[in-house]
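Go ahead and model the full structure; you've got the sequences and the hints to work with.
Number of protein chains: 2
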Amino acid sequence: MTSASGSFDFTPLLAAGLPAAAVKWTGAPRYNFVGGNNDTAQIPVAHLLEATTAVLSREGATLATYGLNSGPQGYRPLRDFLVGKLKRDAGITCTADEVLITSGSLQGLDLVNGLLLSPGDTVLIEQDCYQGSINRLVRRGVTIVGISVDADGMRTDAVASALADLKSNGIRPKYIYTVPTVQNPTATIMTEQRRRELLKLADDYGVPIFEDDCYADLIWSGERPPALYAMSTTANVIHIGSFSKSVAPALRVGYIVAPWAVLSRILPLKTDAGSGALEQMVLAEFCAAHFHDHVPKLRRGLRVKLEALMEALAEQFGTAAEFDDPPGGIFLWVKLPDSVDTMKLYQAAAAAGIAINPGVEWSVNAAHSRSRLRLCFASPTVQEIREGVAALAEICRREFGVPSRSANVERAAK
Amino acid sequence: MTSASGSFDFTPLLAAGLPAAAVKWTGAPRYNFVGGNNDTAQIPVAHLLEATTAVLSREGATLATYGLNSGPQGYRPLRDFLVGKLKRDAGITCTADEVLITSGSLQGLDLVNGLLLSPGDTVLIEQDCYQGSINRLVRRGVTIVGISVDADGMRTDAVASALADLKSNGIRPKYIYTVPTVQNPTATIMTEQRRRELLKLADDYGVPIFEDDCYADLIWSGERPPALYAMSTTANVIHIGSFSKSVAPALRVGYIVAPWAVLSRILPLKTDAGSGALEQMVLAEFCAAHFHDHVPKLRRGLRVKLEALMEALAEQFGTAAEFDDPPGGIFLWVKLPDSVDTMKLYQAAAAAGIAINPGVEWSVNAAHSRSRLRLCFASPTVQEIREGVAALAEICRREFGVPSRSANVERAAK
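Protein sequences, first through last, are from chains A and P. Mapping of the first sequence onto our numbering: residues 4 to 417, in sequence order. Mapping of the second sequence onto our numbering: residues 4 to 417, in sequence order.
Just so you know, the hints here were simulated from the structure itself, not pulled from any lab data. The structure presented is a predicted model; accordingly, all values stated were derived computationally and were not measured. Worth double-checking, as some hints may not be accurate.
Copies of the same chain look alike in the list, so a pair counts if it fits in one copy or across any two.
Stated by the list, open to error - The list that follows gives simulated cross-link-like pairs (lysine-lysine, DSS-like), each with its CA atoms no further than 30 Å apart:
1. Lys27 - Lys88
2. Lys308 - Lys347
3. Lys90 - Lys27
4. Lys90 - Lys347
5. Lys300 - Lys347
6. Lys203 - Lys338
7. Lys203 - Lys88
8. Lys308 - Lys203
9. Lys347 - Lys88
Here it is in structure tokens:
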């Protein structure tokens with residue numbers, strides 16, 4: 004039962020359908036335009052340290068107990084902060100009993116999927132969509148119906164016809180998943196009118212909405228429409244959010260908001276004996292004092308980086324790179340000429356130490372996304388943004404002949 | 004599609020086979036003899052705070068990046084600490100590439116199960132076993148073969164006949180799961196001889212061993228046999244461990260040790276964008292300086308509580324409570340007279356504010372475990388242990404007529 008090398012061969016015992024083996028991590032790429040990483044210069048280290056000192060000195064001994072003194076839904080002061088924050092910022096009225104702290108909003112995705120999905124089920128999502136959400140659905144054997152997005156957000160006419168089609172085939176989708184507020188990757192914000200239409204459709208067809216609001220804190224103007232959760236009159240929305248984008252991704256703290264009737268079915272699926280308590284404690288202490296000062300400052304810094312990225316793209320790619328100036332967030336969704344296959348660009352760029360997200364990995368519509376890419380701008384410095392975009396343009400020109408002009412120098416395609 | 008109350012009815016959309024709804028948490032029980040909670044007085048708050056200050060001051064800005072600067076396997080200094088610790092304490096030779104930091108050892112269970120198990124598979128486990136491990140297997144639709152345990156640990160004669168039986172039926176189990184070092188709940192330590200026999204059987208039948216070592220730091224003598232992982236000559240063991248018992252459970256930091264060929268298949272299943280980074284950083288900093296002083300001190304404190312528990316049981320239950328003096332850990336596995344159904348005792352005790360683990364929830368052999376219970380002693384104070392055991396004895400006497408004598412006062416059963 005052992006292999007030629009004398010070591011045990013696990014291969015015949017592996018579960019079916021596992022993802023491919025990981026390759027060993029060899030360090031971050033030189034120019035890193037992927038991932039929800041944030042700006043290192045904007046981590047509020049001093050205030051986090053102050054918060055840690057306060058909370059550990061006061062109640063560090065509670066780390067002896069799973070769930071601290073707050074039970075399985077998460078540290079109570081953090082849930083209390085969220086109740087206030089969600090009311091102020093998103094118009095959501097909820098109680099601490101309707102909030103479950105999760106290990107990042109990724110665990111929120113897993114828990115809601117675990118609540119509702121079985122293989123063969125159908126869901127509606129925005130056709131260009133967060134890769135982690137798409138992958139989770141694929142792994143669960145769920146049929147995905149992609150809905151196109153325009154400047155006003157998910158197109159409700161497309162939702163209406165998809166729901167009607169599915170109904171005529173006897174299919175009731177399990178949910179409509181949307182990132183309505185700074186959509187990933189298009190960065191669109193769904194208008195209030197669209198939100199009303201979507202909620203009406205959800206009600207008419209008996210399909211709940213799964214609202215992923217993890218970027219909503221990062222709107223430049225600081226003004227956002229109310230959450231779908233807040234606008235619903237029938238409690239047909241499950242809402243998730245995160246501190247990854249507003250404070251620090253490595254902390255891995257997110258949350259689910261749902262009526263107790265729903266949350267009480269989600270909670271038993273969270274079999275991890277609680278999310279990291281120290282991080283919840285530190286966040287609660289930090290946020291109560293500093294969240295509302297920290298976030299506008301963070302946004303201003305992100306806006307500066309976005310402007311550097313847009314300028315670099317204009318300079319290096321010229322009209323070959325099309326994009327809208329996003330109203331917030333940490334990424335830009337860029338359209339290159341149809342001749343560019345961004346999956347190939349991604350591979351060539353990776354070989355040169357430049358990480359980008361190829362469109363087909365962030366979409367369920369390969370034809371639509373083939374020449375698109377996502378560029379995250381929060382983590383690299385302005386200097387790295389400029390250098391990385393210049394290097395990317397050079398690779399793109401070498402591989403695809405576009406941009407033909409870059410940095411105002413016309414070049415012949417090889 | 005909405006219920007009479009006007010709110011959306013999720014019930015028809017729920018996935019099949021969900022666990023029952025949670026009830027709202029209403030606070031910890033007055034006498035809490037359940038859960039892996041630790042001694043609040045022994046949380047090294049000052050040293051944790053010192054560690055936090057050092058590590059956040061030095062590298063707090065790395066919280067901006069998923070995985071810090073260490074990639075997806077977890078904070079490198081913590082993995083480096085583990086490489087040294089596992090060598091010193093468990094005899095394990097491994098590299099940091101063979102260690103994956105997890106969100107508690109519970110995530111380790113989930114990941115290894117995800118790697119190997121499909122519905123209908125078969126595994127061998129100790130018949131009295133951690134509830135969380137049993138529940139995970141049941142939820143995955145796996146057939147469990149329980150193996151009895153004696154003072155030397157999992158009985159290898161029973162393993163041999165189970166493996167032979169299964170083989171004659173064409174079944175190759177996916178793994179043999181064992182907590183060999185302070186088994187949960189029996190607290191037995193598998194002898195080296197048994198470990199050799201178990202490894203031989205595993206090799207002969209081509210069945211890997213899944214070693215859960217999360218209590219191994221808590222042996223009173225400080226001396227433990229080498230881990231199965233260390234003794235294996237064919238790399239047929241996957242090893243998991245945790246800082247929950249040795250430092251603080253609420254931190255939720257555990258680990259998997261496996262050859263890279265195996266770990267590289269586990270890593271893609273960890274789709275949480277990393278475990279909590281602050282906790283990994285603080286633990287690494289704390290452990291490098293204090294782990295080997297902290298743990299012996301913790302053990303001495305736990306031993307004091309165990310002695311209080313054993314004395315209280317002797318005083319209150321007399322000969323009605325049978326147990327072995329465990330060589331380490333945080334729990335006592337107690338046998339009451341056959342007339343006592345500990346599931347009923349558990350319910351009556353819960354109503355009186357006393358939490359215990361009924362035997363049938365910690366075993367796959369209901370007949371064997373019906374009159375047994377698990378009492379965790381790390382969390383309650385010595386005073387609470389005394390009061391709680393006295394109250395439990397009173398309830399047991401009321402419900403089952405035993406102990407007939409308690410606190411040296413003979414009482415008639417009602």
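### Message
Of all the hints numbered above, which does this structure not satisfy? Sort the numbers upward.
### Response
4, 5, 6, 8 and 9
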